[in-house]
Each structure stands twice: as C-alpha cells, then as structure tokens.
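*Asks:* Residues per chain are reported as follows:
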Amino acid sequence: MSEPAISVRDLVKLYARRGQPTVRALDGLSFDVARGTIFGLLGPNGAGKTTLVRVLSTLTRPTSGTANVLGHDVVAAPLDVRRRISVVIQETAVELFLSVRDNLGTFARFHGVRAAEIQARAGRVMDDFGLTGDAHRKVIDLSGGFKRRVQVAKVFMVDTPVVFLDEFSTGMDPILKRSVMEKLRREAAGGRTIVLTTQILNEAEELCDDILILNHGRQAARGDLHTLKLLSQGVYDITVTFDRVPPGVEEELAATHPIRLSVSQNTVEVTVKEDHGGILAVVGALAARGRVLRLEVTGASLEDIFVELTNGGRS
Amino acid sequence: MSSLSAVMYREGKIRATNALFIFWDVIYPLGYLLVFGVGMNQALGFSGLPTNYHAFFLAGVLGMAGFGIAANTAWSFFMDRDNGIFYEMLTYPMSRGEYLVGKVLFNIAIGLAQAFVTVSLAATVLGVAVRPQGFPLLAAAVVVGTAGWFFFYAIFALTIRRNDAFNTVTSIFYFVFLFASSMFYPVDPLPPVFRAVALANPITWHVDVMRFATIGQGDPARIALEAVGFIAFTMVSFAGALIVLRRQG
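Order-wise, the sequence lines are chains C and X.
Quick note, in my numbering, the first sequence goes up one by one and the last residue is 320.
Quick note, in my numbering, the second sequence goes up one by one and the last residue is 239.
Simulated from the structure, these hints should not be mistaken for laboratory data.
Worth double-checking, as some hints may not be accurate.
The calculated label-pair distances, taken between Cβ atoms and stated as ranges, are [claimed, not checked]:
1) R151/X x T71/C: 27 to 33 Å
2) A222/X x E211/C: 57 to 63 Å
3) Q204/C x A6/X: 36 to 42 Å
4) E211/C x D154/X: 42 to 48 Å
5) S(-8)/X x A82/C: 16 to 22 Å
6) R223/C x R236/X: 46 to 52 Å
So the derived list for chain X, only partly shown, Cβ under 8 Å to chain C, looks like this [claimed, not checked]:
7) S(-8)
8) A(-4)
9) T7
10) N73
11) I75
12) E78
13) L80
14) S85
15) R152
Far from chain C by the CB rule (all over 12 Å, computed), these chain X residues [what the hints assert, rightly or not]:
16) M30
17) F106
18) T149
Only a predicted model underlies this, so the values are computations on that prediction, with no experimental measurement involved.
We put the beta carbon where it would ideally sit given N, CA and C, even for glycine.
Next up, chain X with everything else stripped away, as it sits in the complex (with noise of 0.2 Å):
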C-alpha cells in the first residue's frame, strides 16, 4: 500500500508544479459541454433524441475526459523516460503492478473532480436532469473507465520508442475510438457496419454506462452487459500493460 501512495504521490507532486494543468483537466469537459454541446442542441436541435442534446452529451463528454487523462497519463512515460527516472523507478521496491495501479490514482482523483464539476454544473447550469441514485454507477465507470483506457495506452507508450510515433497512435485512437461510437450520436440510427464497429468498440460501453449512470437513458440489459465488457477489457489491458512492463529494461 505505501508503494501505491508513494507513486500517487509523486505523480501528485509532478502536476501540481503546474496548477494551470489541473484547473484545466477539471474544468475542459464543461467547456466543451457547453460549448459543442449547447451550440449542437441549439443549432441542429435533435428532436429524434428522448432528451436535449447536452444532457446526451454529457455522458459523452465524461467520457472524452476520461479518455484524454489516460492517454496523457500513459504519454507521461515518455517524460520519464526522457528524465532516466523510468528505469531507475523499476528498481524502486514495488511491484510492476503497483507501479502501473499508483500512475493512475492520482488521475482517477483528478478524473472524479472533472466529473463532479461537469455533472453539478450540467445540472445546476443546463437544467440537465441527472440522476442522484445513479452517482455511485457514475464514479465506478468513471474509475474503471480512467484505469482502463490508461492501461491500454501503456501497452503503446511502453512498446513504441519515440514520442511522435506514440502521437500518431494517440490522434489515430481519438479518432477511430472517439467517433466510431456512442459519444457525439446515438449508435442505432446508423449505417449497419459503422454500428457494428461502434457496439465493438470500448468507449461505446463506456460512455453508454455512463449515460445510464447520469439521466437513466439505455436498456439495463444491454448496460449491464457493457458494464461487463468494460472490466474485461480492463483487465486484458492492465494485463497487457504489465507484460510489456515487465520487459522493459
């Protein structure tokens, strides 16, 4: 347990050298609720969803942020490596796994106050209906979904060498994984292979178990099932991640 502090820690004391970063990751995704999302709702209106599209959105946008901590999370490897600290922390007593759970604890924390402000703010500012019994669902997917997705990055940050190419993968994953899913539109309506593609994909699970969570929309079923498949993929990164960990040096 002191290993897992120690490195939540450390990753706590780095970025809170600088306090712009973290006002910025806490408070991006309202930016962008209110921004796209009410500019999407106002200008296209929406009518074939069951609610407005910021409160739609929302989910979506939570989803974003959880997405871009993990992935600036992993990308924090190449920091280290950079600084030579990476491999003399591999000789640090803890447990490669330790390693990997502590580097995101502190952006799971990070991620839970992103998640507070632009839920309480969705609410008290865009009328957004959440659900207070849904809040337990929502930091649980908010944790996993942070832990998840940085889990998966390391697999690539720590494989791949240079930092630009591990970009190119990032700008390919924001793509693919951004749009090829439930985030920014409904799922059902589309073409039939660009919804295969999207009911395949992670962040559709994500994202749909955190629209549940907050305004109740989604079949319990099918949420139930995602919620499912999530934690799996978690585990298959995290497992992943701890193999190519383990290799390195």
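Extracted from the complex, chain C is given alone in its bound form (with noise of 0.2 Å):
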C-alpha cells in the first residue's frame, strides 16, 4: 500500500488568550488520507476545520502531535510541504490591483510554472471558469463571486499533488459550481489528492470518497459515504405534503423529539429514529390527520448523519 498523502497522529492545537479559558481548536485527532482521493471535512462552525486545514497548510504550528503531507513533516520540512501543496484559503485572497490573467500567472509563477506554459494554462483555466472575457479587468473591479472564481482557479494553473480547498465554493452559482466539482473529481481520478471543508452538506456527499466529521475539535465520524450512513441506521426523512396541514402536527412531532422538523407552507418534513414498525406508526398516523397529497420516505442523508452526530454542533 502506498505511502497516504496526509497522515496525522494525535494532533493538538491549543490557543490560549490571555484572561479567556485556553481553546482546544483540535484535541487528539488522528487520521489518514489515502492518494487521489478527496477528502471531506465535516463539522460544524468552530468544529476545527480551518484549524486543521492551517496546520496541514503550514499556516498555523500544532501544539502537539504530528502531520505529514507525503511524508514531510509541516513543522520540521514545512517548505516540502509547501511545495507539494495549493491552498484556497477561506477569505478571498487575490491580488486587487492586477488584472485576471496576472493573478494566475503570478501565482503559477510562485509555483515554478514555466513562463510559456503560464499562458497557455491561463488561457484553458479562464475559459473553464468563465473568466475569459475579464482577463485583463483588474481584480478589484470585479464583484465578490468572481473574486473568488479567480482564487478557485488559480489552483488549476499548477499541479500541486495535494490541494486544499477551505469552503471553495462560497459565492458561487450552482453552474460553476457544478462544474468545478467535475474537474475536482477528475484532478482526483488523475491523482491528485484533494481536501476540502465543506458546509453545504450535499456538496461533499457528491463529491467526497472520504469524509471525517470533527466536533470540538475531536473525530466524531469518518468514513465513505455509505459507511457513515449506517453510523445511523434506522435514521429516515418523512416528508408529507398535505391539502392544509393539520392543526397542532408541528407540536405533536416536536413532542416525540425528532433529529429534525420542519413545516413550510402544506409540507411536513421530519426526521426520526426509528425501527421499521416505529416508522410506519408514525407515517400512518401522519396519514391519518388529513388528506396527503404526496408521501416519501427515504434513508439518512449526510445531513442527517451530520446532525445527529453533532447535535446541531451543540453537544
């Protein structure tokens, strides 16, 4: 088996703040990612994502603990790392002041890309991210989703074997979007490893081989996506839409304890645990409180599983 991109082992960062209760931003995470895969991390706001990303971007020290990236150390060799990696920060980070095309050249110039070849690359990048008709508009002309479309791309222009992308997809349309996730996974299937924070949860349960799911800065799940799915076995969404939905539903659910419930407008979408006689006793008695106009029942989503290994990010 080869040798995994990034290895962690009981990795510690602490930030203290003088007169404030010391933060443990990560406690004892460990954990492997294999090559050409990507890798989803998962959690809440303030669960330790972009801390974890720093450390393994050489950005931030960890207090304790080790993280290699092909197995160079971030805290020993952190310039073989750097050299191995691109990174889509979660600000948006580009140069104001030069134009599209000069953003990606400097940034391909940074990571030894010949000057004849940072044309070319500039020119099939711009095209894919819809930036072509911009190349020579200054950055700071440009409005805040395609600041970010010029950050995104710049990771195009080299061939880092590791990338990490910190919640790469803020401000962007579903289309672009769409289609970056596609060459996302074909850098992946090309072998490039790619690691992305997420919080849109339907994101990385397209896009994500592997996921890890941190709360407080510890592991709370990992796994594929189906692996993680069975984490919560008899976890099942019940959406009923009703002609009107009945008086006191909503207060009756709540009363049960669901994972999660939501009425909008006639649609009553609720989650529970529960096994399969349970479910069919609480759809038949959802049935029963007025005239369904549609039904549906299906298993756990990432959501879900996120939700319930979280709690809400409150536990």
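Quick one: dock chain against chain with the hints and give me the complex.
*Replies:* What follows is the structure, encoded as structure tokens:
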C-alpha cells in the first residue's frame, strides 16, 4: 500500500488567550488520507476544520502531535510541504490591483510554472471558469463571486499533488460550482489529493470519497458516505405534503423529539430514528391527520448523520 | 532563487500598475534636493560647512528616500492582509526569509534608480562635486539601507494589526529618526544630549556612509564603524522580522 498523502497523529492545537479559557481547537486527531482521493472535512462552526487546514498547510504550528503531507512533517520541513500543496483559504485571497490573467500568472510563477506554459494554462483555466472576457480587468473591479472564481481557478494553474480548499464554493453560482466539482473529480482521478472543508453537506455527499466529521476538535465520525450512513441506521426522513397542514401536528411531532422537524407551507419534514415498525406507525399517524397529497420516506442523508453526530454543534 | 524572483516579479507587477507612483518615487528626492536643499543654501548660507548645503544634503536626501521606500514597502503588508493574499502567500513554496528578501528586492531596484537620477542631476544641475570612486559604496549603502529599514519596519507592520496604528508609528519614526540625525545638519555642533542621540541613530550611520561615498566628507575610520553598525542593525532587524513573520497565522 502506498504512503498516505496526509498522515495525522494525536494532533492538538490550543489557543491560549489572556484572561480567557484555553480553546482546544484540535483535540488529539489521528487519521490518514489516501492519495488521489477527495477528502471532506465536515463539522459545525468552530469544530476545528479551518485550524486543521491551517496546520496542514503550514500556516499554524500544532501544539503537539504530528502531521505529514506526502511524508514531510509540517513543522520540521514546512518548505517541503509547501512545495507540494496549493491552498484556497477561506477568505477571498486575490491580488486586487492585478488583472485576472496576472493573478493566475503570478500564482503559477510562485509554483515554478514556466512563462510559456503559464500563457497556455491561463487561457485554458480562464475558459473553464468563465473569466476570459475579464482577462485584462483588474480584480478589484470584479464582483465578490468573480473574485472567488479567480482564487479557485489558481489551483488549476499548477500541478501540486495535494490541494486544500477551505469552503471553496462560497459565492459561486450553482452552474460554476457543478463545473468545479467535476474538475475536482477529474483531478482526483488523475492522482491529486483534494482536501476540502464545507458546510454544504450535499456538496460533500456528491464529491467526497472519504469524510471526516469533526466536532469540538475531535473525530465524530469517519468513512465514506455508505459507512457513515450505517452509523445512522434507523434514521429516516419523512416528507408529507397535505392539502393543508393539520392543526397541532407540529407540536405533536416536536413532543416526540425528532432529529429534525420543519413545517413549510403545507409540507411537513421530519427526521426520526425508529425501527421499521416505528416508522410505519409515524407515517400512519401522519396520514390519518389529513388529506395527503404526497408522501416520501427516505434513508438518512449526510445532513441527518451530521446533525445526529454533532447534535447541531451543541454537544 | 526562483522564489525570490517570483516575489520580486509580483512586487514589480503590483507597482507597475501605478507608473506615476514609480515615477514619483524615482524623482521626488531630486525635487526635495532642488527645493529644500537649494532653498536652505540660498536662504541661510551655511558658511560653517566645508561645502555648500545642497552638496551636504545630497546624502540626506538619499537616506530619506530609502527610509521612505522601506516604510511604504512594509506598509504593503497591510494591503496584502486586507486582500487576504498575505496568508495565502505564506502557503506558497518559499521560506519566510525568501518572502521578506523578495519583497524588498524590487524596491531596492527603485532605490538604486532613484539614487542614480538624484546623484546625476545633483552633479549636472547643481554642480555638486560627486566622487565616481564612491559609487560602489553608495550603491551598497542604498541596497543595505533600503533593506535594513524595510526589515525594521516589517517588525512593526507584522506585529501591529491596525493600519492607522502603524501610520502613527511611522510618523513618530519619521520625526525621531530623521531629525535626530545627520540628515539635515552636521551632528558635531549639536548640544551634547541631542548629539549622543543622533550618533546612536542608524539613520546617522547610513547617511554618513552615503555622504562619504558621494562627496568624500567624513573620517574614514568613523565611517567604517558606522557601516559595520548599520550592517549589524540590518541583520538584527532581519532576524526580528523573520521571527515575527514565522509567528503569523
């Protein structure tokens, strides 16, 4: 078996602030990421996703534990790590006073791409990202969404074997997002390892081969989508559309402490953990409350698993 | 080396988006010399100097220019931080030292162009008797001076989070370093306390070396000591800036 792209052991990151309790942003994390996979880091706000990316990309030193990228320790050999990674950080990071083309070119130059190759790649990448018409515009004059495009597009100018994307799809329209996701799949199929953090769970569901759910800096769950769904066996989404929502149904369902509950217009969506008999009983009780126009029962989504494992980030 | 050239290329690209800025950087010391230097010379005479005032002030203007370039280059850390690009750049394949040195290289080139224009026109327009044999020393002083002051300012630019706070610090430095030095007047006739402060001021060391290089004024032994002192100041500032930069993130 080949060496993992990323290897993390007992990683701890503490943030000490004067007069405030120490924050354990990462609390003894250990995991490996196989080469050529798309690895998703999920978790509620403050779970430690961005801190983990910052440690792996040599921006932040861990308090203890080790982290290796392609066999290079992030503390002992940060430059060797940086030679093998490209990073899209959470904040929009662009050269505001340079044109779109120069943003791409400058980034590629840092990563050692030759001048002649830069021109060809920039043309291709700008086409892919719908930036060709803005090639000579200064980035300061672009909208927030386009600035983010430029930032993400830079990653496709270089061939670093590991890519970190922190909330990469923020501000992207659905069509571009889909196109970027397709490109990421192709890059992974070509051997690049993609590490992405996201709050958008269907993005991770569609894209990731391997998912780590973090909560309070610790591993809450780990595995591919199917493995994670096994963790949530017995969790079902029930969607019932009535001709009109029966009075009191929301209160009655809330009293059973479902994982999630929402009532929107004439549709009730509830996520519950029950055995088969229990599910049928819930569905039967709901159906008896009014005229049902549509009924759907599905297995747990990643969002359900996420909510159950992280307790909405409150546990 | 490719990392250094990449940082230098980036700085050049950004500066080149405002050609007027570069033009101003290159010619403003000359303007200062022509307006302030000639004006002071005509108005006050400065009969106590071994040369006329604008010849004396030539090194002061070059020192002031390098000091200004360094402060502006350090200030660009704020711009990079506001753009978010600062933290992304820290993930690029270069060491923190290469980042610091690369950032100042382009501006050293501007400093050299500035010194060339200023010295050439001081000689041709104002008739300042500059010493061609001092040019290598002058070039070295411009390079080390710009770098030294940039590293010094970088410590503050990387430590201070607020742009306005940094601007206050640079204003204080301008006042203290520039006026308590040999930039505008000779140090020796000053009151003892003022003189001691000026002699301990790296601006004095820097300007004295450039004055010796341009018009040959100064005791060579003292100039050598000041040159060594300024190199030490540059190295300590570089180490300080490196430590602060490594703590970023």
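*Asks:* Hint by hint, note whether the structure agrees.
*Replies:* Now for the hints, and whether the structure bears them out:
| no. | hint | verdict |
| --- | --- | --- |
| 1 | R151/X x T71/C: 27 to 33 Å | holds (31 Å) |
| 2 | A222/X x E211/C: 57 to 63 Å | holds (59 Å) |
| 3 | Q204/C x A6/X: 36 to 42 Å | holds (39 Å) |
| 4 | E211/C x D154/X: 42 to 48 Å | holds (46 Å) |
| 5 | S(-8)/X x A82/C: 16 to 22 Å | holds (19 Å) |
| 6 | R223/C x R236/X: 46 to 52 Å | violated (28 Å) |
| 7 | S(-8) | holds (6 Å) |
| 8 | A(-4) | holds (5 Å) |
| 9 | T7 | holds (5 Å) |
| 10 | N73 | holds (5 Å) |
| 11 | I75 | holds (5 Å) |
| 12 | E78 | holds (4 Å) |
| 13 | L80 | holds (6 Å) |
| 14 | S85 | holds (6 Å) |
| 15 | R152 | violated (18 Å) |
| 16 | M30 | holds (38 Å) |
| 17 | F106 | holds (27 Å) |
| 18 | T149 | holds (16 Å) |
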